[in-house]
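Residue numbers (our numbering), protein chains in the order written: chain A, 1 to 265; chain B, 1 to 166; chain C, 1 to 280.
Hints were generated in silico from the structure; no laboratory data involved. There are no misleading hints in this set.
List time: in silico EDC-like cross-link candidates among lysine to aspartate or glutamate, alpha-carbon distance up to 16 Å:
no.	chain 1	residue 1	chain 2	residue 2
1	B	LYS130	B	GLU48
2	B	LYS124	B	ASP96
3	C	LYS224	C	ASP206
4	C	LYS73	A	GLU135
5	B	LYS54	A	ASP196
6	C	LYS100	A	GLU135
7	B	LYS130	B	ASP119
8	B	LYS76	B	GLU48
9	C	LYS73	C	GLU23
10	B	LYS124	B	GLU42
11	B	LYS27	A	ASP196
12	B	LYS60	B	ASP109
In silico negatives: residues of chain A with every beta carbon more than 12 Å from chain C:
no.	residue
13	ARG6
14	GLY18
15	THR26
16	PHE29
17	SER64
18	PHE67
19	THR79
20	SER96
21	GLU100
22	SER112
23	TYR170
24	LEU179
25	ILE206
26	ASP252
27	LEU255
Note that CB positions come from ideal geometry on N, CA and C, so glycine has one too.
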Amino acid sequence: MNGVTRWLTRLGASVTGGIARLGFATRFFIAIVRLSGATFARPQLLLREIYQAGVLSLIIILMSGLFIGMVLALQGYETLVRFGATESMGMLVALSLVRELGPVVAALLFASRAGSAMTAEIGLMKTTEQLAAMEVMAVDPIARVVAPRFWGGVISLPLLAALFSTLGIYGGYLVGVRLIGIDAGAYWGQMSAAVDWKYDILNGVIKSVVFAVAVSLIAVFEGYDATPTAEGVSAATTRTVVTSALAILALDFVLTVIMFRGGAG
Amino acid sequence: MNRKIIDLWVGIFVAIGLAALMFLALKVGNLLTFNEDRRGYELEAHFENIGALKPRAQVKSAGVVVGRVESVRLDKTTYEAVARLHVFPEYQFSRDTIATVYTSGLLGDQFIGLEPGGDPVMLKDEDRIKKTQSAIQIEKLISQFMFNKAQETPAPAAAPATGVKP
Amino acid sequence: MTLDSESSLTASAPAATCETLVELKNVSFGYTKARQILSGINLIVPRGKLVAVMGGSGCGKTTILRLLCGQIKATSGEVLVSGQSVAAMTHEQMYAHRRKLGMLFQFGALFTDQTVFENIAFPMREHTELPEDIIHDLVLMKLNAVGLRGAAKLKPSELSGGMARRVALARTIALDPQMALYDEPFAGLDPISLSVVGQLIRRLNDALGMTSILVTHDIAESLKIVDYVYFISEGKVVAHGDVAAIKASRDPFVRQFVDGQPDGPVGFHYPAKALAEDFA
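Excised from the complex, chain A in its bound form (with noise of 0.2 Å):
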């Protein structure tokens, strides 16, 4: 008896933390866009975190929207010539990715590249004092450190997630027309009757600014509030990728419910 009681105990601590822990990071949220003035009255800071956060993450998601593409026709094609309907390809790959897999696994990705790597830079700075040194010379750190941080994936994802659809569409039309011998022009036509800009690119756009705020904001707390040590950096980088795939998936699947309502008819 005396075991289960503990380890109900420890789970009330662990839920009664996870909570205080959500107040925390809502706190610290608010105090980023309240300090956020700094960062774009001085744009050389949110420029050289776009930097790091965007142009660093391009290979990687030009990469990997190019080959996402070039599979979703070679596998689209395998269905849809099933039922002689290949000249719907374009539609399935642009709609796939615009919809979905641009916002999705773009997020992913770069929660992984510069979402990691944000925790791990604000956590080594806790870890040396420099985040105090700054509190100390009257600095505020949240300003100075970590918004310039937090908006630099703001802005940044949502422009790869359109860059990753792009090269995942050209990638398509690489395999699909150039490889396979669908009509190009059945590709090209057939997405643009299909892909409505208000209802799948804006609804695509929405969502990966949605993730943005949210990998952003994982990203900056986690390295905030590590522990100050090398352990404790190496963690709150995993927790950094975990956290924000879990939410990714989770908010991907409210968006797509409140904004795909199974199809337009």
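Assemble chains B and C onto chain A, guided by the hints.
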């Protein structure tokens, strides 16, 4: 890292990102045609059965897209399906145009086909297309076929129970 | 000021005068009720003096610095700077207070993503409206004072330990603060750098008219440069006095510390069961 190099790369990044968004919106989506679509005029057509026609379905004539279906509703007095069609401004159709609900391929989406007649007077905004042909329903076709088959074979076939549904 | 020769855990601090910059009155602090890091500390730092706060590891020395710069609040007692309580400061007052203080963190805490120049220019850029060319000259002057004017373009990762510490020192005095706090400035340095840093701390204190508090456990170096010493053990002030008094002291704790004896008031053995029990 040199500030100028960072600025340059960030500029390139943002530029291609926005270009990708534009590409998606314009080429892949239909942002450009979206505004064109807003002009034009509306026609109504009454059908006995509208089949699986959905809003945003195409309105074609001779296979060319000339408009979109705006909305589909049920007329509460005649119990007929009323489709509201949006036709692009550059196309004019005669008063005796026939509107038919077609299926694209065998299993595809449904669209409305317009076949103009010889009447010199053209349909105007908010006019009603008088001649319509409803969608073909597979079930009715099958029961029709079954019925005809049953008619052909002589009486002893107590078969009528199979598949002949009212 | 002479040393309390009865020393013991109830040593009292010298009387505060209007020449006092920093005063800790009966200050206690603990992160949890169970573990009190400081209990009833009384400490005075006169204006313009260089005071050392010494003790074993984990005795609460760094906590005193944190209390002074407002990073943490005392659970009881008062922390006064120029007569003003740090805990009671408003946001603006705290900002002004921190502007007048410079702190050297253990191991430097330099901003690793910026060059040496930018590290020192940081407080200037954040807190003044000075134009870039003036900042440029000021930064180089500070670097020159610590002998590293030629290293301005290097990054912290390219510096040796001693050099990094000197750059951090330069950053500490970047805005010519009124009070300088040093957290273990001698930690991990080679003998030459050790001496250089020590000399710089003394010279800068006098040249800039600052008041400095030096937290360390390097006896030899500190006694060469400071004016007054406080010894902390288990959260209390166990002894204090000027350099001569310390050297002549008979207090067992002071003697153990100064002579580096392995056993004494600070026990050698970590609390454990009786020998017979463990080896039964």
